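Protein sequences appear in the order of chains A and B. If you use full-length UniProt numbering, the first sequence corresponds to residues 1 to 103, in order. If you use full-length UniProt numbering, the second sequence corresponds to residues 1 to 103, in order.
These aren't lab readings, by the way, just hints derived from the structure by calculation. All figures in this text were calculated on a predicted structure; none of them were measured in a lab. Please note that the accuracy of each hint is not assured.
Which copy? The list can't say, so a pair holds if one copy fits it or any two copies do.
Said to hold, decoys possible - In silico lysine-lysine, DSSO-like type, Cα no more than 27 Å apart, as pairs:
hint, residue 1, residue 2
1, Lys26, Lys86
2, Lys86, Lys36
3, Lys68, Lys58
4, Lys86, Lys68
5, Lys86, Lys65
6, Lys58, Lys26
Number of protein chains: 2
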Amino acid sequence: MSFVSSAVGYQVHMYLVISYDIPDDKRRSKIHKVLKSYGQWMQLSVFECNLSETQYAKLRSRLSKLIKPEQDSIRFYFLCSCCQGKVERIGGEVLRDETIFFV
Amino acid sequence: MSFVSSAVGYQVHMYLVISYDIPDDKRRSKIHKVLKSYGQWMQLSVFECNLSETQYAKLRSRLSKLIKPEQDSIRFYFLCSCCQGKVERIGGEVLRDETIFFV
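Use the sequences and the hints to build the structure in full.
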């Protein structure tokens with residue numbers, strides 16, 4: 001966990017990796033749009049977000065309303081600051097949000 | 001980190017979330033086959049694996065040889081036992097490895 005100051009005092013922020021499987025193009029596009037207002041697009045179906053508890057609750061609620069649970073899946077991995085510092089990768093650059101996402 | 005006993009003593013095992021973006025079907029299929037021999041398929045492009053350091057080094061080396069770094073991307077998130085216990089999800093069931101993966 002990292003502690004980030006805000007205008008109203010100190011808020012605990014959580015670092016999340018959010019991955020999703022949404023077979024339907026339209027729903028996937030909506031999920032993507034919601035997520036990109038909360039964090040950084042890392043891979044086609046992976047975002048990384050630094051959120052307060054309130055933001056996380058709101059995001060989860062919005063996503064819950066958009067998905068079809070029997071077809072779709074969204075996973076939330078909470079990374080402590082230690083785990084956050086250990087992320088590794090092979091290849092790849094951070095994706096640009098300007099790109100239209102239909103794949 | 002969790003400590004798991006092995007036949008030769010004690011080995012540190014690491015819990016990893018591995019996500020990938022591989023635009024090419026053939027390469028993606030190969031990457032998927034390698035990963036499914038190391039862990040659990042959670043989403044179309046996400047595996048979770050419990051690996052020793054040796055297994056991780058071998059897996060990473062195999063994947064590095066398969067990908068085209070300018071087109072492909074593989075991310076490795078190391079989860080401590082605390083973060084591992086905090087994973088949340090909306091919808092979705094664990095995917096079956098019997099399914100042929102071409103999407």
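Check each numbered hint from earlier against the structure, then list the numbers of those it violates in ascending order. Hint 1 alone not satisfied by this model.
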